[in-house]
Amino acid sequence: MESSFGSVLNSTTAAAPASRASLAEAIVRRKTRWGEWLVERGIFIVSLSAILMIFLIFIFVGREAVPVALGQTNNARSQKAVAAADIPKLSPEKLAAYLGVTLADLKGFDAATVKQLVELKGQELQEISNPDANLNTTGWGMMLLPCRWHGYDKAEYIWQPVSEIPKFNMVPLIIGSLKATLVALLLSIPLGVGAAIYVSQLAKPAVRELVKPTIEMLAGIPSVVLGFFGLIVLASMLQAVFGYESRLNAFVAGVALGLTVIPIIFTISEDALSSVPKAYIHAALALGASPWKTAWQVVLPAAVPGVFAACVLGFGRAIGETMVVLMASGNASIVSASIFDSCRTLTASIAAELAEVVFGGHHYRILFLLGALLFAVTFLTNILGDVVVHRLKLKLEGKH
Amino acid sequence: MPLRRKGIDWQSLIFTGATGLMTFSVVAMVALILGNIAWNGAAQMSLHFIIGGTKEGMFDTAQAGVFPMIFGTLALVVLMTLCVLPIGVITAIYLSEYARSTHAVTRVIRGAINNLAGVPSIVFGLFGLGFFVQFVGGGIDKIFCGGELTYGKPALIWAAATMAVLTLPVVIVATEEALRAVPQGLREGSMALGATKLETIRKVVLPQATPGIITGAILAVGRGAGEVAPIMFTGAAYYLAHLPAHLSDQFMNLGYHVFVLSTQSPDIERTKPILFGTVLVLLVLTFLLNSAGVIVRAKIRARARHAHG
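Chains as they are written, first to last, in the numbering used here: chain A, 2 to 401; chain B, 25 to 333.
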């Protein structure tokens, strides 16, 4: 992550060598070599692979989610019973769908069999006791709005994909993701930005040489290890300190998640702060400002877009992180405002449930829909972050 | 009048102290995590743990081993590197040697690379399942295997392919940086001697940039060895009695094993030592790779600064 940012920041420096290279090219120009031309075309085509991959991710994650997103799915288990007398009024297609048989089968039945099947179906429908079976729980309304389920006294948001009546309301998951992300950002923004200011403006070079590799090391710790640390060590430690009830909750997950976000926020902020021209700093110091005043009132305001981009990208990383929240959040899909309650995030739901779903079923498609949602959110935050960093770079280099 | 000498500058002291404290607490947290894991994990280390299998009992402290997971992880990253390195290096060559930085196509390619680096790892898992396992694997089964289920299921090759997509930005960025660090004068010299652009790249630029390309590969391997979410549905197995022998086999993996041990264990207190041991092995593996990558990269950066004056 931080390294890809480096490339954005460096990309503007390429212009000068390229023009020199084209001059050199002009001098040594000679007859076209077709073999080389072909290889160079090949290089160009391969270099488009990153675009192709983004495109494929978009297509293949979206493809599975499309029927649900367009409202073409229906998991209502019962329809209105059809009286035997009404059989001739129905088209064969509708009748086949109603009985759950294929059109070819239906044509093979004689009238008496069809009548018997319709009566049986009618009885079957009467036997379903739960009135919620009539609901199509895969529609957008049911996925986003609260619903008063049979046996509940008020409308609630419920994610319960494996039950007699599967309930696919995403709101608990979105709230869970936002809760864990909020805790993570509240921890990592002050620490990351504070450390970036200290390391880039105030600290001695020796401190810098110690801190930067340490944070690179933190970035190199696999997220499953941080999830493990949150689950086994941090959870007990924090519970002893804060004394809350459920051992695994949004707070523990958020703290562990913060550890994965700190390197991103630190690296990008530090990059932005360090690229503020030295002339600004020298001018401020010459006017009698102390180093901290220079850092706070001159360098930080100049680099604010970069710090903002760091926070945006940190958000994108936190909301997309899987293993940490899967292991440390407790995974109960509760809607509550307290960060000390267990929470279930979008990513953790996908990870925990995808292995057990029927391929191509409703639940499967809804999990892909959640994935598409995550992809869209991180796509937007990435673009926003990129644009902000790019503009800042141009501004600080004086090329508006 | 002499310059007025101020007393203690409290604001300065507080501000510097606060930011310093934040820096210190981040460093302290890293030290705490690593120290805790090293301390607890070291107790479990033994030759049997490293080279032993899981046949005698996955959850038994005295008998469990992690060799199948180490083997699976290494097989995964080797295959991944074979997939990602050619594509990543060629893309980097295009970006550094051919692309004009202001051109629209170049900006779109860079945008795609940055975006790819930010896609959540679980989305890669979904993509791997939807694209590699079902579309590509299912297609191979239909065409070559006569409909028999061989490649259309989670497999080592699909996990490696998914991981290759995930690590593509790492390889591209590191390689491009290395290519840019090659002094422009070398290219001009080569061309002045009559070499074509492609000959220059192949015989002058690439040999100079080899350490950087290796760095990219090492960093990608470090990343690939630790990621779990993308391989959960594309090939990693909870438990296997045999090592994977074929590309279409499933495999065990260190990171996934950490997840399994910490969430599926029947008695977490009893399996804790194995868990810490496995985490330590995973950390040592990724850190060795990462620090090797970081050191080589720092040297390249120093050379780049030197080359560009």
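One or more of the hints may lead you astray.
Covered stretches of chain B, as calculated for chain A (at least 3 residues, CB under 8 angstroms) [unchecked claim]:
(1) 31-44
(2) 302-316
Among the chain B residues that face chain A by a calculated CB cut under 7 angstroms, a handful are [claimed, not checked]:
(3) S145
(4) L150
(5) F155
(6) A269
(7) H270
(8) G279
(9) V282
(10) F283
(11) S286
(12) P290
Simulated from the structure, these hints should not be mistaken for laboratory data.
Each residue gets a CB set at the ideal place from its N, CA and C atoms; glycine is no exception.
Tested hints:
1. 31-44: Answer holds; 8 residues pass the 8 angstroms Cβ test.
2. 302-316: holds (count 7)
3. S145: The hint holds - S145(B) has a Cβ within 7 angstroms of chain A, the shortest such distance being about 6 angstroms.
4. L150: holds, 4 angstroms
5. F155: Where the cut-off is 7 angstroms and the nearest Cβ of chain A is about 4 angstroms from F155(B), the hint holds.
6. A269: Result: violated, 24 angstroms to nearest chain A Cβ.
7. H270: Check failed: Cβ of H270(B) comes no nearer than 22 angstroms to chain A, outside 7 angstroms.
8. G279: Nearest chain A Cβ about 5 angstroms off; hint holds.
9. V282: holds, 5 angstroms
10. F283: Status holds, d = 6 angstroms.
11. S286: holds, 5 angstroms
12. P290: violated, 16 angstroms
The structure does not agree with the numbered hints 6, 7, 12 stated previously, though it agrees with the rest.
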